[in-house]
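Novice: Chains A and B supply the protein sequences, listed in that same order.
The opening residue of the first sequence carries number 1 in our numbering; numbering runs sequentially from there.
The opening residue of the second sequence carries number 1001 in our numbering; numbering runs sequentially from there.
Don't read these hints as lab results, they were simulated from the structure.
Backbone N, C-alpha and C fix where the C-beta goes; we use that ideal spot for every residue, glycine too.
Some clues are possibly wrong.
Ranges of calculated distance between the beta carbons of each label pair, as one might list FRET restraints [said to hold, decoys possible]: (1) R1085/B x T182/A: 55 to 63 Å; (2) K1124/B x Q2/A: 43 to 51 Å; (3) T182/A x K1129/B: 40 to 48 Å.
2 protein chains.
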Amino acid sequence: MQNFEYCNKTKIIFGKGTENQVGSETAKYAKKVLLHHSGGSTVRSGLIDRVKESLKGAGVEWVELTGVLPNPRLSLVYKGIEIVRKEKIELILAVGGGSAIDSSKAIAVGAVNDGDVWEFYDRKKSADKALPVGTIVTIPAAGSESSISSVITNEAGPWKRGINFQCIRPAFSIMNPELTYTLPPYQTACGITDMMAHIMERYFTKEPNVELTDELCEGALRTIIRNARKIFSGGERDYAARAEIMWAGALAHNGLLDTGRIGDWASHALDHELSALFDLAHGAGLAILFPAWIKYNIKENTPRLARFAAKVWGVDGAFYDYEQAALEGVFRMENFFRSIGMPVRFKDANIDPARIGEMAKRAVHFGPVGNYRKIDEQAAEAIYRLAAE
Amino acid sequence: MQNFEYCNKTKIIFGKGTENQVGSETAKYAKKVLLHHSGGSTVRSGLIDRVKESLKGAGVEWVELTGVLPNPRLSLVYKGIEIVRKEKIELILAVGGGSAIDSSKAIAVGAVNDGDVWEFYDRKKSADKALPVGTIVTIPAAGSESSISSVITNEAGPWKRGINFQCIRPAFSIMNPELTYTLPPYQTACGITDMMAHIMERYFTKEPNVELTDELCEGALRTIIRNARKIFSGGERDYAARAEIMWAGALAHNGLLDTGRIGDWASHALDHELSALFDLAHGAGLAILFPAWIKYNIKENTPRLARFAAKVWGVDGAFYDYEQAALEGVFRMENFFRSIGMPVRFKDANIDPARIGEMAKRAVHFGPVGNYRKIDEQAAEAIYRLAAE
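Here chain A stands alone, though its shape is the one from the complex (with noise of 0.2 Å):
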């Protein structure tokens, strides 16, 4: 086990009605806020109307700023930024799921450190000082509400970048399953690949002895799957089931699955291309790459595999055969992801795979990525073939 140090400090409010705090909460940090959504479902839903009266309640200002699109725009960070500083804003409260929420963290940067935002995520810079960022969480996927990431797409590449820092681990976050339950299918889905994927990418390490993180995140893992064929199988409204799937999506990502060790990422960095070059939903984007990246990897440090195929999608452990127990765990993840409409190769989603040999350099942009293997251009290209097979 490595050495680690662990804080979070962000302050979770779960559970019903719970978005009526938000004015109480948001006013022991601000007077005034940059009020941070997409301007659709969130206003359809009434939502929006009952955040407004809740800060109305608690004394607390607001700036609007709609218009946050899935992979958020750097376009509309500079606006927000250039608002918070116009209107001195002391708090941003993003409401929705993880694109205003990270649109929020990159807003919340840019407007108390100099310079260009974008700096920060082309690794030019760190920061350690950002406004607080409140959330309302309506897509469980990102676990951004609690985690220290934020991903930006700069539109001009396209390049799709991500940034990890303390300073813009939210404040505090709200979560109210019963808001989920109006969330198309699809997007269910998404959230619940993504999740998935945030622990599977901290579970695959080289690092032994981390039994306890290990059994964590099978548990959260055999969790989510359970709760998501509740919900496909017409739990739509199932408040246990929402609830489950929600509050494992903020520890999926909140920095406790990794510690004693550091995880993965490449499929994570292989998706940011898929994602940016097609404008691919990065959950649909990871249920393509994960199974392909494990197939990669299949001969490195099998056994680890093995353990998740059997700890976690029921493989039976006493397979004579390592690799065989990993390919069956491949074959029934798969399975979980088609079930819940997720696409697994190139075709369901229409990728092109002439694009291959762009994706694969891009990718490895800042050298090769990930841990538990290095991938460099040539394992990245090999990766997407599986993908588009």
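Let chain A serve as the given structure and place chain B on it in line with the hints.
Specialist: Frame of chain A; chain B shown alone:
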């Protein structure tokens, strides 16, 4: 699943040699600290010398208060409060196990609130401010290093009572598993039992639909059991095993494992009387009382007890009879406790059953205890009698 709030601000600094970071970490909060510890093994091991060197290197002054005992005493807390006020101390630095940390928390809360600090423990009032506490953990057990709890013994009674305030959660905790290599086996075993009890108290709930929390609890318990066996099979200096136990001890009591439900805590309440009257180590008392508590509740939500037996103790889940499975689980739990040298009956610890009536009366001093099933005086007596069999 019930609504919940969760926020844990303790910064965990975990791993080899981390005690040498105490100076730089402390300096973020204070120029002068109360260095609070037993004065026994902490000194003999050379740890306190290293701590002082680190504090000195960071320009932090200290006043030392030694003499902390297991079941930490109120009289020493009073002394600490006096020193802190007189010396204008800004942080309490606990070096030791749950006793040193709980005593430090009592001093931290007593020093900045008017009146007698015992009134907090006697449930006469509540606190929302305290001095910051930092810890260097030497005994993984109480989980006090990132919990909101403190338990103090008032010699006048003797009464053993606890508080749970957010304001006493430590600012930082330094955890080096190497510091636990030389723990006497009895202390290691008491600690293991205590952390298991912290998880079981949270696990035994009547709240349905807390699957993720259940999975995390079961995984943590399995990890503790496996690694305890390693330590007690010649692995005293097995870093990985010691690290798993140490990290599990913190997670067991940091609040994560009861998100979405309330736990039971009857066994803890019953043990407080046992350890107050007989000065028995907390872990040893829990090893005696938990099996008795399950036996007493065998007809109460039996499938839950059977699940515990199956998931944690490996009892065949296909048992037709839930009660039989649950009792098999208790049997295995008792055997496990015995295997690490814990008592499982009154006679193993020289507890006089003649005082059962008195203990039962004292245990319900503030009314019935427990949530899984309300335990009144009569029920408490019945559980003590099962433990005395």
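Novice: Enumerate the violated hints, using their earlier numbering and listing them in ascending order.
Specialist: Nothing - there is no hint that the structure violates, so all of them hold.
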